[in-house]
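Going by numbering that gives the first Met the number 0, the first residue of the sequence shown is number 0, and it counts up by one from there.
In case anyone wonders, no lab produced these hints; they're calculated from the structure.
Some hints here could point you the wrong way.
Stated by the list, open to error - Simulated DEER-style distance windows between Cβ atoms:
(1) P534 with N571: 16 to 24 Å
(2) N435 with V373: 39 to 47 Å
(3) S260 with A126: 40 to 48 Å
(4) V145 with T189: 47 to 55 Å
(5) Q387 with T423: 17 to 25 Å
(6) V145 with G27: 53 to 61 Å
The beta carbon of each residue, even a glycine, is placed where N, CA and C say it ideally should be.
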Amino acid sequence: MAEGGQIVYTATLSNAAQSAVTVTLSNGQTITIGANQTSGSVAVAAPADDPYIDAGQVSAHITNASGGNFENLAINSTAAATTVTDTIDTSTVTLTATPSVTEGGTIIYTATVNAPVTGSPVVVSLANGQTITIPVGQSSGTATGVATNDVYQGHAAVTNSITSVSGGNYENLVANQAPVSTAVTDVQDTTTVTLTATPSVAEGGTIIYTATVGAPVTGSPVVVSLANGQSITIPVGQSSGTATGAVTNDVYQGHESATNSITSISGGNYENLVANQAPVSTTVTDVQDTTTVTLTATPSVAEGGIIIYTATVGAPVTGSPVVVSLANGQTISIPVGQSSGTATGAVTNDVYQGHAAVTNSITSVSGGNYENLVANQAPVSTAVTDVQDTTTVSLTATPSVAEGGQIVYTATLTNAAQSAVTVTLSNGQTITIGANQTSGSVAVAAPADDPYIDAGQLSAHITNASGGNFENLAINSTPAVTNVTDTVDTSTVSLTATPSVAEGGTIIYTATVTAPVTGSSVVVTLANGQTITIPVGQSSGTATGAVTNDVYQGHAAVTNSITSVSGGNYEN
0 MAEGGQIVYT
10 ATLSNAAQSA
20 VTVTLSNGQT
30 ITIGANQTSG
40 SVAVAAPADD
50 PYIDAGQVSA
60 HITNASGGNF
70 ENLAINSTAA
80 ATTVTDTIDT
90 STVTLTATPS
100 VTEGGTIIYT
110 ATVNAPVTGS
120 PVVVSLANGQ
130 TITIPVGQSS
140 GTATGVATND
150 VYQGHAAVTN
160 SITSVSGGNY
170 ENLVANQAPV
180 STAVTDVQDT
190 TTVTLTATPS
200 VAEGGTIIYT
210 ATVGAPVTGS
220 PVVVSLANGQ
230 SITIPVGQSS
240 GTATGAVTND
250 VYQGHESATN
260 SITSISGGNY
270 ENLVANQAPV
280 STTVTDVQDT
290 TTVTLTATPS
300 VAEGGIIIYT
310 ATVGAPVTGS
320 PVVVSLANGQ
330 TISIPVGQSS
340 GTATGAVTND
350 VYQGHAAVTN
360 SITSVSGGNY
370 ENLVANQAPV
380 STAVTDVQDT
390 TTVSLTATPS
400 VAEGGQIVYT
410 ATLTNAAQSA
420 VTVTLSNGQT
430 ITIGANQTSG
440 SVAVAAPADD
450 PYIDAGQLSA
460 HITNASGGNF
470 ENLAINSTPA
480 VTNVTDTVDT
490 STVSLTATPS
500 VAEGGTIIYT
510 ATVTAPVTGS
520 SVVVTLANGQ
530 TITIPVGQSS
540 GTATGAVTND
550 VYQGHAAVTN
560 SITSVSGGNY
570 EN
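Given only the sequences and the hints, what does the whole structure look like? Please build it.
Here it is in C-alpha cells:
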C-alpha cells in the first residue's frame with residue numbers, strides 16, 4: 000500500500016453470525032459483521048503522503064468482539080500487517096531576502112523548506128559563501144549579510160541564491176536556485192583626493208606630484224587640477240595619478256619651497272568626491288649658479304659727447320642693490336627688481352688729431368642675493384671721433400724798445416702742442432714751440448742806435464705755422480707791433496780850413512758832420528758870413544774864401560768859425 004492509500008481491514012468468522020458481531024480493532028476502528036454474514040470490513044487511511052522517508056508497516060489486531068449469538072466467540076489476536084511504501088515527494092528549499100536596504104545595511108536571507116525538518120538539520124549553502132541551517136522541527140532559517148557601503152554613485156542590487164542543500168529526512172530535498180535580489184540605496188559617502196609631493200629636490204630637479212583617491216576610479220577618469228596650472232588624471236581602475244613639475248634653477252641664495260595644492264576635481268562616479276586642499280610643500284636646495292655682471296658702453300661718440308655705461312646682471316636683483324665699481328672710478332647701482340643700471344661719462348673734447356678710444360671695465364661687484372655673483376672684467380671700448388676744434392697761434396712782441404735793443408717775439412698757442420710747432424714770421428724769423436708747450440720766443444735786434452730822428456714802429460706777423468698734431472691750427476695774422484724809441488745821440492758839425500795859403504790865395508772851409516745827412520740838407524753858417532750846405536746823403540760840404548793880398552809885411556791869420564747849424568734829421 001502506498002502512502003495515502005486505503006487499508007481495508009476484514010474480520011472473518013469461522014461461522015456465520017446469527018446476529019451482528021462488532022469487532023473492535025487496536026487502531027480504534029470497529030468492524031460490523033452482519034447477521035448471517037461471516038465477514039465484515041472497514042477502510043482506514045494509510046499514513047498520509049508526506050515528504051519524509053518513512054516507509055514501513057501498519058498493523059492492527061482485534062481487541063474485542065461481541066454479538067453473533069455464538070456459544071464461544073474467540074478472538075484471533077494475530078495482527079493484520081500492511082506494508083506502506085513511500086511515494087517520493089519533493090521538498091523544496093526556497094531563499095528570500097530583504098527586498099531593500101541602504102548601503103552598509105543588513106540583508107536577512109531566509110531559507111524556507113515546505114515541511115518541517117526531521118532527522119537532522121538542513122544546511123543551505125548560498126552563492127555568497129554563507130550557509131543557513133534550518134534546525135530539526137523548524138521550517139526556516141536565516142543568515143545576515145552586510146550590503147557594502149561604497150563611495151560610488153548607484154549601488155548594484157545584491158543578489159544571492161542557493162547553491163546546494165543537505166540534511167533533513169526528506170524523500171527528495173531540492174533547492175529553488177532562483178536568485179534573490181536586494182535593492183541597495185546610496186548613502187552619500189565622501190571620497191577624498193589627496194595630493195602629495197616629493198619632499199625635497201635640488202634646484203633644477205623634478206617634483207613628482209601624486210594625487211591619490213580613497214577608492215579606485217570608476218565611470219570616467221578623475222581629473223585633478225592643481226594650483227600651479229597642471230592637472231593629474233587618475234585613470235579608471237586606478238587610485239592614483241602623477242604629474243611632474245620642474246623646479247626653477249635660479250641664481251639667488253635660498254630657494255623658496257615649492258608649494259602646490261588641489262584647486263578642483265572632476266570625473267569618476269563617486270557619491271561625493273572632495274579635494275583635500277591642504278597645500279603640499281617641497282624643500283628646494285640651492286645649486287650654486289654663477290650670475291655674471293657684464294659692462295657695455297656706447298660704441299662710438301664724438302669728442303665732448305656722453306658715453307653711457309650699462310652694467311647688466313644675468314637675473315633681476317633681489318635683496319639689496321648691486322653696486323658695480325668701474326675702473327674709471329665711477330659706480331653703477333642696479334636697483335632691486337632691475338637687471339641693469341647705467342652711469343654716464345663725458346668724453347674730453349681736445350684739439351688734437353685722433354682721439355684715443357675710451358676704455359673702462361668692472362673692477363668689483365657687490366650686493367644682491369645671488370648664489371655666486373661675478374664680474375666680467377673684459378674691458379669695453381668706445382671709439383671717439385674728432386670734432387674739428389681750432390687751436391690758434393698768435394704773435395706778441397716786446398711793446399717798446401730803444402734803438403739798439405732786443406725785440407722778443409712770442410708765439411702763443413691756445414692749447415699745448417703734442418709735437419713741436421714751427422711758426423714762421425713775416426720778418427723771416429722762426430719760432431719753435433716745443434711739445435707740451437703753449438709758447439715759444441725768438442729775440443730780434445731792434446734797429447741800431449743812430450743819430451737820426453727815426454723813432455717808429457716795427458711789426459711782424461705770422462705767415463705760417465705747422466706741427467703740434469692739432470685738429471685745426473689757425474693763424475692769428477694780427478701783427479705784433481713794437482715801438483722803437485730814439486736814443487738821443489749828438490751829431491757834431493766841425494769846421495776845418497786850409498791851414499795855410501799865400502796872400503791872395505783861397506781858403507777852403509769844410510764843414511763835416513759825424514753822420515751822413517738825412518731828411519734835408521744841413522746848412523752851416525760861418526762867422527765870416529758864408530754858409531756851407533751839406534747835401535742829403537753827404538757828410539761834408541765846403542765853401543771857399545779869398546785871402547786879401549795887402550802890401551804890408553806880415554799878414555794876420557784868417558780865422559773863421561761856425562755860428563749856427565740847421566737842417567738834417569739829427570736827434571741832436
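Does the beta carbon distance between N435 and V373 stay inside 39 to 47 Å, or does it fall outside?
holds (42 Å)
Determine whether the Cβ-Cβ distance between V145 and T189 falls within the hinted range of 47 to 55 Å.
violated (20 Å)
Could you check the hint for me, namely that P534 and N571 are 16 to 24 Å apart, CB to CB?
holds (21 Å)
So does V145 sit 53 to 61 Å from G27, Cβ to Cβ?
Hint holds: Cβ distance 56 Å, inside 53 to 61 Å.
CB-CB spacing for A126 and S260 relative to the 40 to 48 Å hint
holds (46 Å)
Distance restraint hint 17 to 25 Å, applied to the beta-carbon atoms of Q387 and T423
The hint (17 to 25 Å, Cβ to Cβ) holds, given that Q387 and T423 are roughly 23 Å apart.
Violated hints amount to a single one, hint 4; each of the other numbered hints is respected by the structure.
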